[in-house]
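Here the protein sequences come in this chain order: V and A. So in our numbering, spot 54 of the first sequence is number 54, and the numbers just go up one at a time. So in our numbering, spot 204 of the second sequence is number 204, and the numbers just go up one at a time.
I should point out that these hints are in silico values taken from the structure, not numbers from a laboratory. No experiment lies behind these values; they were computed from the predicted model shown. Some hints could be false.
Keeping only pairs whose Cα atoms sit at most 16 Å apart, straight-line, the calculated EDC-like set for lysine to aspartate or glutamate is [said to hold, decoys possible]: (1) K89/A x E26/V; (2) K89/A x E47/V; (3) K15/V x D109/A; (4) K2/V x E69/A.
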Amino acid sequence: MKESLLEILCCPLDKHDLELEDAEYEDDEVVGGTLVCTECGERYPIEDGIPNLLPPDMREESPA
Amino acid sequence: MGVLENKARARLFYKYLSTVYDRINPFIWNERMREEALELLELEPDSTVLDVGCGTGFATEGLLEHVDEVYALDQSEHQLEQAYAKFGKRAPPVQFHRGDAERLPFATDTFDVVWSSGSIEYWPNPILALREFRRVLKPGGQVLVVGPNYPDNPIAQRLADAMMLFYDEYEADRMFKRAGFEDVRHAFMGPEYEPEVAITTIGRAPE
Chain V
1 MKESLLEILC CPLDKHDLEL EDAEYEDDEV VGGTLVCTEC GERYPIEDGI
51 PNLLPPDMRE ESPA
Chain A
1 MGVLENKARA RLFYKYLSTV YDRINPFIWN ERMREEALEL LELEPDSTVL
51 DVGCGTGFAT EGLLEHVDEV YALDQSEHQL EQAYAKFGKR APPVQFHRGD
101 AERLPFATDT FDVVWSSGSI EYWPNPILAL REFRRVLKPG GQVLVVGPNY
151 PDNPIAQRLA DAMMLFYDEY EADRMFKRAG FEDVRHAFMG PEYEPEVAIT
201 TIGRAPE
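If we strip away everything but chain V, and leave its shape as in the complex, we get (with noise of 0.2 Å):
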């Protein structure tokens, strides 16, 4: 995704604002990271440039 994504994006859950923190970048594309909402905390991951933007309750289960 491209940075200036952000602008548009939110959290689906409370619409705040989202914050990208531990970003990995190739070129100007941001490849990995975590979208961060600034109100409730939630995370969001950002895998091999796909921002993951399901609520925490429909993402796959998670590796243990």
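Chain V is fixed; fit chain A onto it per the hints.
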């Protein structure tokens, strides 16, 4: 509550269906129907368009004939893999997201057009999703949703009720108006042998 109106089941279903989906798809939702639906929209090359439930990217492909870039969202990574293969994983032309139609991860007043085809039948609460569409649309922006038309035949009706959400134009009208849309209109589309298999609804977010 139909069998597939459960997101976990829908996800599992699509995990297996995604491999053959584009081969099945043209029988119920083909390029001519897609073109008819696209003609209902006011699209400019620089329009900001969201495709909710983009799946394998069949509608995304049609939208890209009219606009330069599409924002696409789906819950199923297996469906999205097919779309990545078509358009590449990096924007442009498509910015992909994983997300839920009923809880969109986009700011208010963002899009000129929100499109969704072949997805509404899996939403547990369609009005919630439609309200989200209205929220992320700019004032005056257009919504377009393609879903399965409720069949006239009683046997087909029983099958439809057991499987997923089907609706007719009265039900669609009620849902879109409750979600706050204006100028709500419906069009029926389908292949020659079943010309009303799909119902397409368009509406506008209030100014």
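Hint-by-hint comparison with the structure:
1. A C-alpha spacing of about 13 Å is found between K89/A and E26/V, which places the hinted pair at or below 16 Å, so the restraint holds.
2. Only pairs whose Cα atoms come within 16 Å are accepted, and K89/A paired with E47/V is accepted, the gap being roughly 11 Å.
3. For the hint linking K15/V to D109/A, the alpha-carbon distance of about 12 Å falls within 16 Å, and the restraint holds.
4. Restraint check for K2/V and E69/A: the C-alpha separation of about 13 Å stays at or below 16 Å, so the hint holds.
Every hint, counting from the list given before, is met by this structure.
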